[in-house]
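Add chains B and C to chain A, keeping to what the hints say.
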Amino acid sequence: MADPRFYNLAGPFSVAEIARRTGAVIGGAGKAELVLRDVAPLDAAGPEQLTWLDNRKYLQDFRRTGAGAVFVQPAFAGQAPREATLLLTEQPYRGYAIAAQAFYPEPPPVPGIAPGAVIDPSARLGEGTAVEANAVIGPGVEIGKRCRIGANSVIAAASQLGDDVRVGANVSISHALIGSRVRLYPGARIGQDGFGFALDPQGYVKVPQLGRVIIGDDVEIGANTTIDRGAGPDTVIGAGTMIDNLVQIGHNVQIGRGCVLVSQSGISGSTRLGDYVMIGGQGGLIGHLVIGSGARIAAQAGVMRDVAPGETVVGAPAVPMKEFFRQVAALQRLARRKSE
Amino acid sequence: MADPRFYNLAGPFSVAEIARRTGAVIGGAGKAELVLRDVAPLDAAGPEQLTWLDNRKYLQDFRRTGAGAVFVQPAFAGQAPREATLLLTEQPYRGYAIAAQAFYPEPPPVPGIAPGAVIDPSARLGEGTAVEANAVIGPGVEIGKRCRIGANSVIAAASQLGDDVRVGANVSISHALIGSRVRLYPGARIGQDGFGFALDPQGYVKVPQLGRVIIGDDVEIGANTTIDRGAGPDTVIGAGTMIDNLVQIGHNVQIGRGCVLVSQSGISGSTRLGDYVMIGGQGGLIGHLVIGSGARIAAQAGVMRDVAPGETVVGAPAVPMKEFFRQVAALQRLARRKSE
Amino acid sequence: MADPRFYNLAGPFSVAEIARRTGAVIGGAGKAELVLRDVAPLDAAGPEQLTWLDNRKYLQDFRRTGAGAVFVQPAFAGQAPREATLLLTEQPYRGYAIAAQAFYPEPPPVPGIAPGAVIDPSARLGEGTAVEANAVIGPGVEIGKRCRIGANSVIAAASQLGDDVRVGANVSISHALIGSRVRLYPGARIGQDGFGFALDPQGYVKVPQLGRVIIGDDVEIGANTTIDRGAGPDTVIGAGTMIDNLVQIGHNVQIGRGCVLVSQSGISGSTRLGDYVMIGGQGGLIGHLVIGSGARIAAQAGVMRDVAPGETVVGAPAVPMKEFFRQVAALQRLARRKSE
Numbered sequence: 008m009a010d011p012r013f014y015n016l017a018g019p020f021s022v023a024e025i026a027r028r029t030g031a032v033i034g035g036a037g038k039a040e041l042v043l044r045d046v047a048p049l050d051a052a053g054p055e056q057l058t059w060l061d062n063r064k065y066l067q068d069f070r071r072t073g074a075g076a077v078f079v080q081p082a083f084a085g086q087a088p089r090e091a092t093l094l095l096t097e098q099p100y101r102g103y104a105i106a107a108q109a110f111y112p113e114p115p116p117v118p119g120i121a122p123g124a125v126i127d128p129s130a131r132l133g134e135g136t137a138v139e140a141n142a143v144i145g146p147g148v149e150i151g152k153r154c155r156i157g158a159n160s161v162i163a164a165a166s167q168l169g170d171d172v173r174v175g176a177n178v179s180i181s182h183a184l185i186g187s188r189v190r191l192y193p194g195a196r197i198g199q200d201g202f203g204f205a206l207d208p209q210g211y212v213k214v215p216q217l218g219r220v221i222i223g224d225d226v227e228i229g230a231n232t233t234i235d236r237g238a239g240p241d242t243v244i245g246a247g248t249m250i251d252n253l254v255q256i257g258h259n260v261q262i263g264r265g266c267v268l269v270s271q272s273g274i275s276g277s278t279r280l281g282d283y284v285m286i287g288g289q290g291g292l293i294g295h296l297v298i299g300s301g302a303r304i305a306a307q308a309g310v311m312r313d314v315a316p317g318e319t320v321v322g323a324p325a326v327p328m329k330e331f332f333r334q335v336a337a338l339q340r341l342a343r344r345k346s347e
Numbered sequence: 008m009a010d011p012r013f014y015n016l017a018g019p020f021s022v023a024e025i026a027r028r029t030g031a032v033i034g035g036a037g038k039a040e041l042v043l044r045d046v047a048p049l050d051a052a053g054p055e056q057l058t059w060l061d062n063r064k065y066l067q068d069f070r071r072t073g074a075g076a077v078f079v080q081p082a083f084a085g086q087a088p089r090e091a092t093l094l095l096t097e098q099p100y101r102g103y104a105i106a107a108q109a110f111y112p113e114p115p116p117v118p119g120i121a122p123g124a125v126i127d128p129s130a131r132l133g134e135g136t137a138v139e140a141n142a143v144i145g146p147g148v149e150i151g152k153r154c155r156i157g158a159n160s161v162i163a164a165a166s167q168l169g170d171d172v173r174v175g176a177n178v179s180i181s182h183a184l185i186g187s188r189v190r191l192y193p194g195a196r197i198g199q200d201g202f203g204f205a206l207d208p209q210g211y212v213k214v215p216q217l218g219r220v221i222i223g224d225d226v227e228i229g230a231n232t233t234i235d236r237g238a239g240p241d242t243v244i245g246a247g248t249m250i251d252n253l254v255q256i257g258h259n260v261q262i263g264r265g266c267v268l269v270s271q272s273g274i275s276g277s278t279r280l281g282d283y284v285m286i287g288g289q290g291g292l293i294g295h296l297v298i299g300s301g302a303r304i305a306a307q308a309g310v311m312r313d314v315a316p317g318e319t320v321v322g323a324p325a326v327p328m329k330e331f332f333r334q335v336a337a338l339q340r341l342a343r344r345k346s347e
Numbered sequence: 008m009a010d011p012r013f014y015n016l017a018g019p020f021s022v023a024e025i026a027r028r029t030g031a032v033i034g035g036a037g038k039a040e041l042v043l044r045d046v047a048p049l050d051a052a053g054p055e056q057l058t059w060l061d062n063r064k065y066l067q068d069f070r071r072t073g074a075g076a077v078f079v080q081p082a083f084a085g086q087a088p089r090e091a092t093l094l095l096t097e098q099p100y101r102g103y104a105i106a107a108q109a110f111y112p113e114p115p116p117v118p119g120i121a122p123g124a125v126i127d128p129s130a131r132l133g134e135g136t137a138v139e140a141n142a143v144i145g146p147g148v149e150i151g152k153r154c155r156i157g158a159n160s161v162i163a164a165a166s167q168l169g170d171d172v173r174v175g176a177n178v179s180i181s182h183a184l185i186g187s188r189v190r191l192y193p194g195a196r197i198g199q200d201g202f203g204f205a206l207d208p209q210g211y212v213k214v215p216q217l218g219r220v221i222i223g224d225d226v227e228i229g230a231n232t233t234i235d236r237g238a239g240p241d242t243v244i245g246a247g248t249m250i251d252n253l254v255q256i257g258h259n260v261q262i263g264r265g266c267v268l269v270s271q272s273g274i275s276g277s278t279r280l281g282d283y284v285m286i287g288g289q290g291g292l293i294g295h296l297v298i299g300s301g302a303r304i305a306a307q308a309g310v311m312r313d314v315a316p317g318e319t320v321v322g323a324p325a326v327p328m329k330e331f332f333r334q335v336a337a338l339q340r341l342a343r344r345k346s347e
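Chains as they are written, first to last, in my numbering: chain A, 8 to 347; chain B, 8 to 347; chain C, 8 to 347.
Just chain A, same shape as in the assembly:
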């Protein structure tokens, strides 16, 4: 059970109720009325707990789990312990996610304005929105309903947030138009000037950054991630895109829908990503590239050319996956031969 100092357990729920919410089919011991009181890992779950099998690596744990119910793919149903009720689905992890949200629902914001918050009189806050202590909200800011603005965060002049947005602690936002159900984790920096300057005999001349950051619905932006605003065009993050911690997104970058950017990756200015692109941890892309929908950029890849839709690239400079592994193998053989 999750630490009750930090999490409130809801429920219980019957197996039938969980099946209904997730679309899973009841199988195995088939106890539709079994009462489930919590979620737990495969190797720790008991008879009133719900777990899931998502990775063959844990099949051994599955075979001897004491869980009352298990989300599992039909293909593995035959290996379940006799006592276990199964929740059969091709997407057991999704099933678990929905069930865990039911057992541990996120508490809604407690509407109101905490002490020390400084809110410009011209800012507008939607119904049910909570502003935590010492947050600062500038003139003309518009915030939707049921948002939570974290302690010590700063939302500068004229930015807009949709409904049900969660802004973590110590976040900075400026020059941004943000959709609904967006989550910004602590320390995220949205909308500062891009890195733009021109050479000059007397040093560098700053190029005014005149665009915005546009963030679609259902986007997550990780802790200490930085997203610069556009230089003239906007920087755009498409709906449903998931961005991890410490990611850098340069000015004018356009990211499609449902992309996944893993921690410490970086995208240089004016590069455009299609939909459902994935970038592994510490991957880097130079500027002015076009990355097709469904492309996959490996962790630590250094991408210096356009990537076609659906292509997977690896290495630095990044090449198609097959070519990369051919290179690695060739080099290993060569090194072995030379040292014999």
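Take these hints with a grain of salt, some might be off.
A pair holds if it fits inside one copy or across any two, identical chains being indistinguishable in the list.
Said to hold, decoys possible - Distance condition first, Cα-Cα at most 25 Å in a straight line; then the derived DSS-like pairs of lysine-lysine:
#1 Lys64 / Lys152
#2 Lys152 / Lys38
#3 Lys38 / Lys213
#4 Lys213 / Lys329
#5 Lys329 / Lys38
#6 Lys329 / Lys152
#7 Lys64 / Lys213
#8 Lys152 / Lys213
Since the hints were made in silico from the structure, they are not lab data.
Chains B and C in isolation, oriented as in the chain A frame:
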């Protein structure tokens, strides 16, 4: 036109006035008295707008631009549309930068101290300086004229800032002496302890970090960038150096004038850079190196040896550019041969 | 001498007193009663100052140092100037660290609650603890004795801190149980949601993150470093581990005792490190790995497989050090041959 919720448009300016401010020579249609009301991209600019051509890639857009006036190199003048007035200069992007600053001047700070700011009585603030909401300024801090100290930022005891310094939201500064016209973007961390400890049978012994961070005039420091103070010597950032987001600068590092450090690059302790060194995104340098003036470190390079002035190094471990591309080519040939 | 605006010099101390505190043996000129007033680098130290030799590279400076006393390994004693009193120890840098702590002791927190701090009435603060301006402390938080909570930091509901913890400015903490003598540098983010979601036809489904961050005693966490809380299990940082700036630690990661993680390195979810593991700058580890105690991961390494205890791995994909350098050498030879 830039979103008027975020940007105030100034002007208009005549072509003659823009030529005067930038040193460009009027050519093409030559309408010195043409009134310009805004800047805009090549492919969107209209007859009262000003644009620029900086990259051959956009020559096609240049040939059919509807812009009233265009900054362009003399070599391309012949390809301009007949109606376009040209502002001829070898540095069109610099011309654009200066013009864009004229059309969209940065609003000066509104002097005063916002609600919730906590300023030690022994701190001194220059004339015209603005302290935003909930900023914290420690004892003995000295801040120059016309500075802006961002909301929720913290300037710890005894640090000094010159004139016209812009400190973004949620910035932390300690143990620092900062010049004039410096910009610190949101979440920058300046002056915390370097990463120094000695081995000991009982664990690690912290080595007191007794230096400072010295930042020259006209430096920019990106969002969530971290600059540790020196261990005894100082950490030094030379005048006019531009540092992007999420960059790490270790203790005792010395950086010359006019260097450019792109996002997510990192410099380990005690390494010294000359002037006008460039480091690409995610490039890394080990400690105690000497990097000559004008050296260029490629994106993602891993630099483990000194780099001579003017040299370009690529790869990890980093080697001179020619050697790197020879290695890449050799490996590609080898991989191809092996797989035949 | 360190800048007195930032540092308070204590002392003086006799050579005998320093020897007693560090366990060093007095040698060379042997002046046990010599009064030392400060620490200084080898090449700048004078007759009342204490320095150290830790790196053969500086032997030349050692031979002509004007320092009154020098921590040095016995093997180099013969090369000391005649006037220098030696403090002989196999660990001169550790000796310096302890002496520097004596000369420049960290000032204790000044107990009390600064203006603008917002502390929930249900939070408990130990004796001698200082809460700086505009910090925010949530309900049920428990903070030990003699802690310093930095300006504009946020400690969310129910987190616990031991004694003598230093929290820098602009830090965010949630869902965390933190030991004693821990240091969190400015902008560190502890305990936010891990990066967890399941695929779904309608987009991604967020997986509730139900664990905590557990931090052992004597841990340091660098500026703008991010540590996500566990998804169900906890994220654990063992006692005495040192983490540099801008490091990413994913959910469920377990780190042993005394590890050293250099700046901009990243560890993906559920990877486990033994004790005394070292990770160089910008090194990256994929998830679900097991890294044995004493393993060393080179800077910029990309670790995709388990690493055995004591092993050193280099490169991306990371391989044992010998193999890496064989590969580098083979590639260099190949490139040279091809270009002849």
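Against the structure, the hints come out as follows:
With identical chains, the CA atoms of Lys64 and Lys152 are never at most 25 Å apart, being 43 Å at best within one copy and 45 Å at best between copies. Within a single copy, Lys152 and Lys38 get their C-alpha atoms no closer than 41 Å, and across copies no closer than 52 Å, so neither meets the 25 Å cut-off. In this homomeric assembly, Lys38 and Lys213 never come within 25 Å of each other (Cα to Cα): the closest approach is 68 Å inside a single copy and 27 Å across copies. In this assembly of identical chains, the alpha carbons of Lys213 and Lys329 never lie at most 25 Å apart, being 43 Å within a copy and 33 Å across copies at closest.
Taking identical chains as interchangeable, the C-alpha atoms of Lys329 and Lys38 are never at most 25 Å apart, the minima being 48 Å within one chain and 58 Å between chains. Taking the shortest Cα distances, Lys329 and Lys152 never come within 25 Å of each other, neither inside one copy (49 Å) nor across copies (58 Å). For a Cα distance limit of 25 Å, the shortest separation of Lys64 from Lys213 across copies, 23 Å, qualifies, whereas the shortest one inside one copy, 54 Å, does not. When the C-alpha separation of Lys152 and Lys213 is checked against a cutoff of 25 Å, the pair qualifies only between copies, where the shortest distance is 21 Å, while the shortest distance within a copy is 38 Å.
In the structure shown, a violation is registered for the earlier hints numbered 1, 2, 3, 4, 5, 6, in ascending order.
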